[in-house]
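Trainee: Taken in order, these protein sequences are the chains called A and B.
Residues in the first sequence are numbered from 1 upward in steps of one, following this note's numbering.
Residues in the second sequence are numbered from 1 upward in steps of one, following this note's numbering.
Rather than coming from a laboratory, the hints here were simulated on the basis of the structure.
It is possible that part of the hints are untrue.
Straight-line C-alpha distance at most 27 Å; calculated DSSO-like pairs for lysine-lysine [stated by the list, open to error]: (1) A/Lys-130 with A/Lys-4; (2) B/Lys-179 with B/Lys-37; (3) A/Lys-272 with B/Lys-16; (4) A/Lys-10 with A/Lys-83; (5) B/Lys-159 with A/Lys-130; (6) A/Lys-83 with A/Lys-130; (7) A/Lys-130 with B/Lys-16; (8) B/Lys-16 with B/Lys-179; (9) A/Lys-20 with A/Lys-10.
In silico negatives: residues of chain A with every beta carbon more than 12 Å from chain B [said to hold, decoys possible]: (10) Gly-24; (11) Cys-69; (12) Gln-128; (13) Asp-131; (14) Gly-139; (15) Leu-177; (16) Gly-372.
Quick reminder that beta carbons are idealized off the backbone N, C-alpha and C, glycines included.
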Amino acid sequence: MFEKFFEVIKGRHDYAREWKARTGRPVFGYMCTYLPEEILYAADILPVRILGSHEPQDVVEPHIHSMFCSFCRDVLGQGLTGKYDYLDGITMGHTCLHIQQAFSSWQMHAPVPYSYYMWVPAGTQKPQAKDCLLAELQGFRASLEEWLGRAIPDEALDNAIEVFNTNRRLLRQVYELRKSDPPAISGAEAMGASLASMLMDKEEHSRLLEAELKGLSGGRNGGAPGVRLMLVGGQNDDIEFVRLVEELGGSVVIDDHCTGSRYFWQEVVPQKDRLMALAYRYLDGPPCPTKDIEGEHLRLGHIQGLARDYNVQGAILIQQKFCDPHEIDNPAIQRVLKEEGIPTLFLEFDITIPSGQFRTRVEAFLEMIQMGIE
Amino acid sequence: MILKPDYQTKPLEAWKAAKQFRANHFQEIVTAREKGKLLGVGMIDFWHSIMGGIDGLLYYTPEAWVSSIDINPELATRCIEAADARGYGRDFCGYIRLYYGAMFADINPFGGPFPTPDLAVTQAFCSISGKWYQPVAEHLGIPTFAIDRPLNLPWRPLKDSIVDYQASQFHQLIEWLEKVTGREFDDEKFIEGTYNMCRTQVLWAEICQLNQAVPAPLDLKTMYGLWFPTIVDSANPEAVSFYTALKDEVQYRVDNQIAALATERCRLLHDAQPPWHFLRFFRHIQSYGAVFIGSVHIFNMGGAFNRDENGTLTPKKDPRAEGITFKNRDEVVRFLAEWDLTNVLYETWDVQNKIDTTIGVTRDWHADGVIFHHDRACQGLAFGQTEVKAAVQKRLGVPCMSYESSNVDPRDFAESHVIDSLESYLEGLGLSRL
Numbered sequence: 001m002f003e004k005f006f007e008v009i010k011g012r013h014d015y016a017r018e019w020k021a022r023t024g025r026p027v028f029g030y031m032c033t034y035l036p037e038e039i040l041y042a043a044d045i046l047p048v049r050i051l052g053s054h055e056p057q058d059v060v061e062p063h064i065h066s067m068f069c070s071f072c073r074d075v076l077g078q079g080l081t082g083k084y085d086y087l088d089g090i091t092m093g094h095t096c097l098h099i100q101q102a103f104s105s106w107q108m109h110a111p112v113p114y115s116y117y118m119w120v121p122a123g124t125q126k127p128q129a130k131d132c133l134l135a136e137l138q139g140f141r142a143s144l145e146e147w148l149g150r151a152i153p154d155e156a157l158d159n160a161i162e163v164f165n166t167n168r169r170l171l172r173q174v175y176e177l178r179k180s181d182p183p184a185i186s187g188a189e190a191m192g193a194s195l196a197s198m199l200m201d202k203e204e205h206s207r208l209l210e211a212e213l214k215g216l217s218g219g220r221n222g223g224a225p226g227v228r229l230m231l232v233g234g235q236n237d238d239i240e241f242v243r244l245v246e247e248l249g250g251s252v253v254i255d256d257h258c259t260g261s262r263y264f265w266q267e268v269v270p271q272k273d274r275l276m277a278l279a280y281r282y283l284d285g286p287p288c289p290t291k292d293i294e295g296e297h298l299r300l301g302h303i304q305g306l307a308r309d310y311n312v313q314g315a316i317l318i319q320q321k322f323c324d325p326h327e328i329d330n331p332a333i334q335r336v337l338k339e340e341g342i343p344t345l346f347l348e349f350d351i352t353i354p355s356g357q358f359r360t361r362v363e364a365f366l367e368m369i370q371m372g373i374e
Numbered sequence: 001m002i003l004k005p006d007y008q009t010k011p012l013e014a015w016k017a018a019k020q021f022r023a024n025h026f027q028e029i030v031t032a033r034e035k036g037k038l039l040g041v042g043m044i045d046f047w048h049s050i051m052g053g054i055d056g057l058l059y060y061t062p063e064a065w066v067s068s069i070d071i072n073p074e075l076a077t078r079c080i081e082a083a084d085a086r087g088y089g090r091d092f093c094g095y096i097r098l099y100y101g102a103m104f105a106d107i108n109p110f111g112g113p114f115p116t117p118d119l120a121v122t123q124a125f126c127s128i129s130g131k132w133y134q135p136v137a138e139h140l141g142i143p144t145f146a147i148d149r150p151l152n153l154p155w156r157p158l159k160d161s162i163v164d165y166q167a168s169q170f171h172q173l174i175e176w177l178e179k180v181t182g183r184e185f186d187d188e189k190f191i192e193g194t195y196n197m198c199r200t201q202v203l204w205a206e207i208c209q210l211n212q213a214v215p216a217p218l219d220l221k222t223m224y225g226l227w228f229p230t231i232v233d234s235a236n237p238e239a240v241s242f243y244t245a246l247k248d249e250v251q252y253r254v255d256n257q258i259a260a261l262a263t264e265r266c267r268l269l270h271d272a273q274p275p276w277h278f279l280r281f282f283r284h285i286q287s288y289g290a291v292f293i294g295s296v297h298i299f300n301m302g303g304a305f306n307r308d309e310n311g312t313l314t315p316k317k318d319p320r321a322e323g324i325t326f327k328n329r330d331e332v333v334r335f336l337a338e339w340d341l342t343n344v345l346y347e348t349w350d351v352q353n354k355i356d357t358t359i360g361v362t363r364d365w366h367a368d369g370v371i372f373h374h375d376r377a378c379q380g381l382a383f384g385q386t387e388v389k390a391a392v393q394k395r396l397g398v399p400c401m402s403y404e405s406s407n408v409d410p411r412d413f414a415e416s417h418v419i420d421s422l423e424s425y426l427e428g429l430g431l432s433r434l
């Protein structure tokens, strides 16, 4: 299942290079999920998210602290070693200072023809944040238009919004399939579909995903029921870890990750002002911890809701090493999940993970759940 | 090494007033309840004039409050371990961890119970400062408000949309304060407080600028003590009086070459926050004839500077000096938003800007070296440090040193290692013990 998606993830650079050669159009890298890709897509640009390489590197030390988040260091390392030398531009929507430093250092040391940093409000619950983001989106659109030497028409934005919404609906369908017991697809497959969506031309991804979903319409036995698990965290793109968990008897049925559900959970509700429609979508979705600053701690209710909807038995909290926004949220998340009777396992991820050690810890966690030990 | 005659030196007369200001402030927190005052908790580099618009609301700055815990490493460790025990990790903001720990363990360095606030107001200016009071609200059940402080990128000119956003949040904060305290907001106090706040911040910037003089009239450790009024209570007229007198005294020291360190031979800039639990670090270098003359952090947090494209800092003019007369709340709020959004410190959350600013300060304050504190407990100020260090060395030829520690967690400070590194660095600069 979903083999094509895994191939793209593994050969992401080949895919982007081939796309660029085939279409003659630019490829932009982007960091974090608050940069509305729809605008790039409407400008005939392929947006590809800079994800983790999971390969050790030795080039970032002069540029970014060892006590900065491992994912951000991995991202910068790939830029500095030329893995993304085919990019025509890099962009990001503001989230945290760590990825901002990766972006900033990338701009300085691996310059590309176009780069753009867009500030995104953190006060997502403030009504006026939409107007503020709208102005930022207008600035981004104008900047792109100047670079391209042509306008990005509203019709192209309408099309991009529709293409992205279609893709989001399909990914939601994939996630729906995981509500059954046993789930109709594995957690690794679902993650593969989501990650590939960040790397591929959305229309092509949707076509493939639709075909895969049709193939599943008769249902599929995903094997023996496993312990139903939720993953909670940030930029977790480590499919091998999910495979490991599922080999050990877990079934990853849902996640709250920006590489997973948070990426596609919310659709754009079209309105006359296309950019305002985007502003609503990007601020109203399930938030990254950096975008959840008010007294009403949105993530807690959202995660609780997912746990109920997907009948979760246990949760693995994944934190990129030194990621402080997630670190400050984790105790509250553990508390609300405990109130739901859901035990948690906390794991700290680095660029590479100690799979032997994690195997032992996950095994123990699963056994604990199976035996009903609190 | 060139031997110079010693400069004359003498104790700072304003020091006593600084200590008294600090003692009064903390005493007020301790006695707030018995005086029937509401207690708010805010944040460093804050809009003190807004909080001051509510009569009978006393607010404190948690960073300054927990720094008083941190000068007692044993007490700091107790607090941090209390936060650790609740699952808060070791890597994020040390001030937050100390504050949480004091709250969980009911610790108050000034005696009595933890000063439980009635309300809390924070601002999102780094990756997690906006989230500071979520766990506090969950633990204490108090109302909170978060200002989402925009980063104005690209840095200039200020975008109207960004100013509008910030100004609208100030209006909301005022309405929220009225609602949760049940007290009317006093616009006259707000206006007067804003004049004072801006004046305080300009005076602090002017005092910092005077430290460009050789010999330096102030050393950084002393400056941390003098910094207190502008970061905790800048709208207070006593803060204006204090800094007016201090500026006069520092000017006198400059005019008469009265040094902070009589044996000044080498001037060092420090980057990021100090290890509060080991302030001796700042005195240790003095036996080599070296003096810390400031930091980008202490100059700009609580200090109002403008910065040009060469990284040159010049103090802003306060509104009265600009001939601005505020007529209503709207005007003040708009002014405050623009004042705040042009704070140089936040512009350093761009690597190139931080390089330019640090180079400008190194050059203009005549620093012979820069020491970077890779602070595990403040990743915001650690932003870009490795890039800045390389640029300062390359572009100015000024030698730099780094040490890794935590501004709050004594467990993350390897004293002998840091001191060994420091001494080697000083010897590398051609200094030896006097």
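Trainee: Hints first: check each against the structure and report whether it holds.
Mentor: How the hints compare with the structure:
no.	hint	result
1	A/Lys-130 with A/Lys-4	violated (37 Å)
2	B/Lys-179 with B/Lys-37	holds (16 Å)
3	A/Lys-272 with B/Lys-16	violated (64 Å)
4	A/Lys-10 with A/Lys-83	holds (13 Å)
5	B/Lys-159 with A/Lys-130	holds (15 Å)
6	A/Lys-83 with A/Lys-130	violated (36 Å)
7	A/Lys-130 with B/Lys-16	violated (49 Å)
8	B/Lys-16 with B/Lys-179	violated (39 Å)
9	A/Lys-20 with A/Lys-10	holds (18 Å)
10	Gly-24	holds (30 Å)
11	Cys-69	violated (9 Å)
12	Gln-128	violated (5 Å)
13	Asp-131	violated (7 Å)
14	Gly-139	violated (8 Å)
15	Leu-177	holds (33 Å)
16	Gly-372	holds (23 Å)
Going through the hint list in order, the structure does not satisfy hints 1, 3, 6, 7, 8, 11, 12, 13, 14.
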